Amino acid sequence: MTTTTEKTGRVPEPRAGDASGTPLLEVRDLHVEFHTRDGVAKAVNGVNYSVNAGETLAVLGESGSGKSVTAQAIMGILDMPPGKIPQGEILFKGQDMLKMSAEERRKIRGSKIAMIFQDALSSLNPVLSVGYQLGEMFRVHQGLSKKDAKAKAVELMDRVRIPAAKQRVGDYPHQFSGGMRQRIMIAMALALEPDLIIADEPTTALDVTVQAQVMDLLAELQREFNMGLILITHDLGVVADVADKIAVMYAGRIVETAPVKELYARPAHPYTRGLLDSIPRLDQKGQELYAIKGLPPNLLRIPAGCAFNPRCPRAEDLCRTESPALHAVTERDGTALPGRGSACHFWKETIHG
Amino acid sequence: MADSAKNDKAVAADADTDVTPNVSEVEVSEASTTAEVEAVLDAPVERGEPILQVRNLVKHFPLTQGILFKKQIGAVKAVDGVSFDLYQGETLGIVGESGCGKSTVAKLLMMLETATSGEIFYKGQDITKLSGRALKAVRRNIQMVFQDPYTSLNPRMTVGDIIGEPFEIHPEAAPKGDRRQRVRELLDVVGLNPEYINRYPHQFSGGQRQRIGIARGLALNPEVIICDEPVSALDVSVQAQVVNLMEKLQDEFNLSYIFIAHDLSIVRHISDRVGVMYLGKMAEIGSDSEIYDHPTHPYTQALLSAVPVPDPAASAARDRIILTGDVPSPANPPSGCRFRTRCWKAQDKCAEEVPLLAVPEVFAGRKTPAAHESACHFAEERQVVPAA
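Line by line, the protein sequences are chains Z and F. With UniProt numbering applied, the first sequence covers 1 to 353. With UniProt numbering applied, the second sequence covers 1 to 388.
Keep in mind that the hints are not guaranteed to be accurate.
[Stated by the list, open to error] Below, a sample of chain Z positions facing chain F; criterion: calculated Cβ distance under 8 Å:
(1) Gly110
(2) Val238
(3) Leu275
(4) Lys285
[Claimed, not checked] So the derived label-pair ranges between C-beta atoms look like this:
(5) Phe69(F) <-> Gly170(Z): 28 to 36 Å
(6) Glu349(Z) <-> His170(F): 49 to 57 Å
(7) Ala316(F) <-> Leu192(Z): 44 to 52 Å
(8) Gly48(F) <-> Lys293(Z): 30 to 38 Å
(9) Trp344(F) <-> Leu318(Z): 56 to 64 Å
(10) Lys71(F) <-> Asp158(Z): 34 to 42 Å
(11) Thr64(F) <-> Lys293(Z): 46 to 54 Å
(12) Ile73(F) <-> His174(Z): 16 to 24 Å
(13) Glu193(Z) <-> Thr64(F): 42 to 50 Å
(14) Asn193(F) <-> Asp277(Z): 21 to 29 Å
(15) Ala265(Z) <-> Thr324(F): 29 to 37 Å
[Said to hold, decoys possible] Calculated Cβ distances over 10 Å to all of chain F for the following chain Z residues:
(16) Thr36
(17) Met100
(18) Asp283
To be clear, the hints were calculated from the coordinates, so they are not data collected in a lab. Since the model is a prediction, treat every value here as computed from it, not as a measurement. For each residue, glycine too, the CB sits at the ideal point set by N, CA and C.
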């Protein structure tokens with residue numbers, strides 16, 4: 001990529017399908033560490049991914065895999081200190097956000113990149129009405145009057161299909177059900193029609209019937225506005241329904257990337273395979289579940305070599321000494337599989353059996 | 001058609017009482033003295049015989065107004081007439097959305113809450129009427145594994161003390177000198193290193209903590225274990241380990257499980273029979289294949305169709321039913337069928353008559369997997385989970 005970072009401080013206008021081929025967002029070799037009393041916890045260790053307009057990237061991983069920390073680094077809401085970004089680039093439309101001033105980032109946050117959090121009840125302020133909180137986006141970013149902001153808030157609530165929006169705009173968060181609260185979070189993220197939305201476990205706290213409603217709404221709005229979406233989740237089921245491509249994270253690294261259908265059909269990393277085998281299926285009753293042995297590693301002491309080696313059924317001496325790069329995955333005859341990569345020394349054996 | 005005849009009579013008598021006509025008769029034991037009751041409770045139950053029978057269980061939490069003179073202004077009908085049987089050696093899964101009353105059922109079975117009305121028969125003995133030593137004996141035999149392994153273990157107690165605490169309350173279960181040894185054995189049984197006996201809960205991961213919770217549940221050699229969302233707080237890779245452990249223990253110790261969860265895939269995996277709850281009532285109950293492959297209640301169908309399947313090919317082929325709206329408040333549930341406000345089949349009859357949990361008339365007497373108990377006036381089979 002040869003795009004030079006212009007120091008205009010303004011983000012270029014066109015929203016989708018830039019002629020330059022620059023992805024909407026690109027994360028390059030991002031590292032994040034936390035300095036704690038017990039030592040340095042390496043939460044993110046060289047993450048690369050990109051999202052285009054209208055595309056959904058799912059970041060899949062267990063707790064502690066660094067998926068949420070990456071998102072917080074992109075949003076610029078990481079607590080620093082104790083957090084620290086020793087190296088890496090986060091390019092939004094070709095501009096490195098890590099080099100921007102706080103004021104420049106503030107202009108992007110909310111209006112260009114917005115985030116939906118997992119727990120809507122604790123993300124909303126309990127002592128302010130939802131209408132006020134929704135309107136805040138317009139008052140702060142666009143300088144609208146209170147009255148206009150409120151009208152906009154009603155419009156937004158309608159857009160995320162909250163019934164009787166006009167009557168409910170003055171209600172407080174506790175007066176809404178879990179699904180409705182999550183819709184308000186979505187409305188808030190949508191308020192300024194951002195180019196990219198990061199959804200961190202948006203449906204984890206919801207019941208399945210409501211989860212289906214919320215995911216459908218999110219997918220529909222994404223199509224309507226041609227937004228990029230980064231969906232962070234640990235649920236392999238949710239991902240299968242909505243994502244275009246998947247990045248699987250383990251111990252702060254991406255261990256496998258693939259278009260969604262191919263990942264499920266032919267995983268190229270033993271961790272992904274283990275995950276897929278260990279979830280019970282609704283449509284079949286198996287005997288015993290496959291269980292990945294052991295526990296996710298402590299981020300203060302990540303194992304040498306491949307971080308997954310102590311739990312991997314395939315691990316050999318090479319895995320204990322050398323950390324695998326993200327290899328491009330190909331067919332048996334060498335035909336390239338676009339978009340696929342696996343950070344395993346033995347990816348050939350894993351995918352081709 | 002004996003069932004439907006009974007149904008009609010019951011409806012005529014009182015549309016509001018919940019009669020579940022076709023659950024098996026309870027053989028009520030006639031023990032009256034404490035010693036006799038204890039003897040009944042100690043007697044073994046044959047595999048496949050009912051060990052726990054719940055009849056018309058009701059729990060209403062009062063809603064009050066005022067500070068000093070509390071006036072009852074209504075009630076949250078958390079559980080409103082639930083009946084089911086648990087057979088020895090089986091796993092009964094209970095699924096439902098949050099607020100449907102499944103956890104309240106667990107608390108009632110544990111006698112952690114007092115039922116407003118209804119009966120819970122353990123080996124033919126109504127435990128809601130027991131007290132003192134007899135109740136203590138029941139409690140020894142029914143244990144619980146809690147959802148959150150982070151809050152259900154006392155952070156100031158060592159693992160040895162946590163797992164050994166049941167022996168303090170029931171000293172007859174293990175002689176004093178043997179207790180440490182017993183705890184070590186239990187740690188070994190649940191796959192933890194017995195050397196960890198002096199560690200504190202914070203030194204363990206979520207999956208290991210849940211194993212500690214299970215070891216505590218096993219300490220008194222119970223016959224029934226009630227598991228309230230035992231794996232929901234765990235990561236996927238660890239979930240499988242704990243589910244496998246629970247299945248292994250069931251075979252080893254001949255346990256009967258009531259497995260409460262909102263994750264329908266896990267429930268199918270572990271359960272022999274499954275009950276679906278909605279707003280304090282049982283909507284449908286049957287064997288796992290009857291519920292998952294041949295659901296007849298619209299709520300079950302919607303619930304199953306909403307579960308994301310981790311397979312893009314299968315999920316494209318699926319018949320999806322997206323319900324509108326939310327679960328109504330249990331303080332003011334809809335009249336008639338409680339699901340009617342979100343149901344696409346609802347008609348006038350649904351608002352007037354409470355559907356009974358029984359084999360629907362259309363299927364009665366026929367040998368089809370759809371002939372299982374379903375509380376819907378317009379029950380019909382609809383396959384929503386394509387067979388893999």
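Hints and how they fare:
Evaluation of the Gly110(Z) hint against chain F yields a violated restraint, the C-beta minimum of about 28 Å exceeding 8 Å. With its C-beta approaching chain F no nearer than about 5 Å, Val238(Z) sits inside the 8 Å limit, and its interface hint holds. Nearest Cβ of chain F to the Cβ of Leu275(Z): about 6 Å, under the 8 Å cut. The hint holds. With 8 Å as the threshold, the beta carbon of Lys285(Z) comes within range of chain F, its nearest partner Cβ sitting at about 6 Å, so the hint holds.
With their beta carbons about 32 Å apart, Phe69(F) and Gly170(Z) fall inside the hinted range of 28 to 36 Å. Here the CB-CB span from Glu349(Z) to His170(F) is close to 53 Å, well matched to the stated 49 to 57 Å. The beta-carbon spacing between Ala316(F) and Leu192(Z), approximately 34 Å, falls outside the hinted interval of 44 to 52 Å. Distance hint check: the CB atoms of Gly48(F) and Lys293(Z) are about 34 Å apart, consistent with the given range 30 to 38 Å.
The hint said 56 to 64 Å for the Cβ distance between Trp344(F) and Leu318(Z), and at roughly 58 Å that hint holds. For Lys71(F) and Asp158(Z), the hinted distance range of 34 to 42 Å is satisfied, since their beta carbons lie about 39 Å from each other. The hinted range of 46 to 54 Å is satisfied by Thr64(F) and Lys293(Z), whose Cβ atoms lie roughly 52 Å apart. Between Ile73(F) and His174(Z) the C-beta distance comes to about 19 Å, which sits within the given range of 16 to 24 Å.
Distance hint for Glu193(Z) and Thr64(F): a CB-CB separation of about 47 Å, consistent with the stated range 42 to 50 Å. Hint check: Asn193(F) to Asp277(Z), Cβ distance near 26 Å, so the stated range 21 to 29 Å holds. Checked against the hint of 29 to 37 Å, the C-beta distance between Ala265(Z) and Thr324(F) comes to roughly 34 Å, which is consistent with it. Every beta carbon of chain F lies more than 10 Å from that of Thr36(Z), the smallest distance being close to 15 Å; the non-interface claim holds.
A cut-off of 10 Å between C-beta atoms confirms that Met100(Z) is not in contact with chain F; the least separation is 35 Å. Residue placement check: Asp283(Z) does not keep its beta carbon more than 10 Å from all beta carbons of chain F (closest about 4 Å).
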